[in-house]
Amino acid sequence: MSDSPKPLPKVLLNEVQYQDLYFYQKTEVLYALTFHFCKRFLPAHGDRTVDQMVQAARSGKQNIIEGLADGMTSTEMQLKLLNVARASLKELRADYEDYLTTRHLALWNASHPRYDTMLRFCRHHNKPDDYEPYFIRWSDEELCNVALTLLHITDKMMKTYLSGLDQQFVTQGGIKERMYAARTGYRKGQDDELQHLREENKSLRQQTDILQQRIEALESEKRHLEVELARARH
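Per this note's numbering, the very first residue in the sequence shown carries number 1; after that it's consecutive.
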């Protein structure tokens, strides 16, 4: 019997569950935080910054969803959309930094007494519900610094993820390369199977010839014995 055929190269990549990715979860937090920040601290009318910040936060989140969905067929498109998401989040970061600067509020760094506590909280909490109670309690300075910390962590996570995708694209190529590899692998599998069957058929023929020769030898020996027995009777 022939061996089991080798699995063909995959055309579609495995679907990534974006909800399980920490950097996506943090963009959900950023969207909710930005919405409440703008509602509390920016004018409801006449300031385009509100729309820009909320849209940038939403774009970061939505482009991750779309990019990961497209990633099943196109690593190239996934890379493009995730970089669009990063660009939107960088725009959001600039808005938060501008807010602090123009209002002479503090940008917390490692020397700030609350920096380490804030950093630990942002690293280990990924869901909007973890932050929701603080949206109406934190000051504008606190919300800005939490947002900037989340943006920094998210960008670092995304760069690591993108680096992995980059390597995947180099080694596996895009969908055209995977389709070609799958078709080529299928044809090669057919050729290998045909060659195997030819060799197996040749081997069976050789075995048949050997068995036929054995049968003929046994029949000859049988006739010889019959002759000998007939002579012995007479």
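Simulated from the structure, these hints should not be mistaken for laboratory data.
Note that CB positions come from ideal geometry on N, CA and C, so glycine has one too.
Mixed in with the good hints, there may be bad ones.
Claimed, not checked - Cβ-Cβ distance ranges computed for the label pairs, FRET-style:
(1) R114 with A94: 20 to 30 Å
(2) E97 with F35: 16 to 26 Å
(3) D129 with H45: 46 to 56 Å
(4) A94 with V16: 21 to 31 Å
(5) H124 with F35: 43 to 53 Å
(6) Y134 with Q19: 54 to 64 Å
(7) M72 with L211: 32 to 42 Å
(8) P113 with A44: 13 to 23 Å
Unchecked claim - Straight-line alpha carbon distances no greater than 30 Å define the calculated BS3-like cross-link-like pairs of lysine-lysine that follow:
(9) K202 with K156
(10) K159 with K127
(11) K127 with K39
(12) K127 with K156
(13) K159 with K80
(14) K159 with K202
For each hint, the structure was consulted:
At about 23 Å, the beta-carbon gap between R114 and A94 stays in the expected band of 20 to 30 Å. A hinted range of 16 to 26 Å for the beta carbons of E97 and F35 is consistent with their spacing of about 19 Å. Under the hint 46 to 56 Å, the C-beta atoms of D129 and H45, about 30 Å apart, miss the expected range. Checked against the hint of 21 to 31 Å, the pair A94 and V16 passes, with Cβ atoms roughly 29 Å apart.
Here the CB-CB span from H124 to F35 is close to 23 Å, at odds with the stated 43 to 53 Å. Evaluation of the 54 to 64 Å hint for Y134 and Q19 yields a failure: the beta carbon distance comes to about 23 Å. For M72 and L211, the Cβ-Cβ distance of about 55 Å falls outside the hinted range of 32 to 42 Å, so the restraint is violated. At about 34 Å, the CB distance of P113 to A44 disagrees with the hint of 13 to 23 Å.
The suggested pairing of K202 with K156 is violated, with an alpha-carbon distance near 62 Å, which exceeds 30 Å. Distance restraint check for K159 and K127: the Cα-Cα separation of roughly 21 Å lies within the 30 Å cut-off, and the hinted pair is therefore satisfied. Among the hinted pairs, K127 with K39 is consistent with the structure: their alpha-carbon atoms are about 20 Å apart, no more than 30 Å. Annotation: proposed proximity of K127 to K156 holds, straight-line Cα distance about 18 Å (limit 30 Å).
A threshold of 30 Å between alpha carbons decides the hint, and for K159 with K80 the separation of about 13 Å falls inside it, so the pair holds. In summary, the hint linking K159 to K202 is not supported, as the alpha carbons are separated by about 57 Å, beyond the 30 Å threshold.
In terms of the numbered hints stated before, the structure departs from hints 3, 5, 6, 7, 8, 9, 14, listed from lowest to highest.
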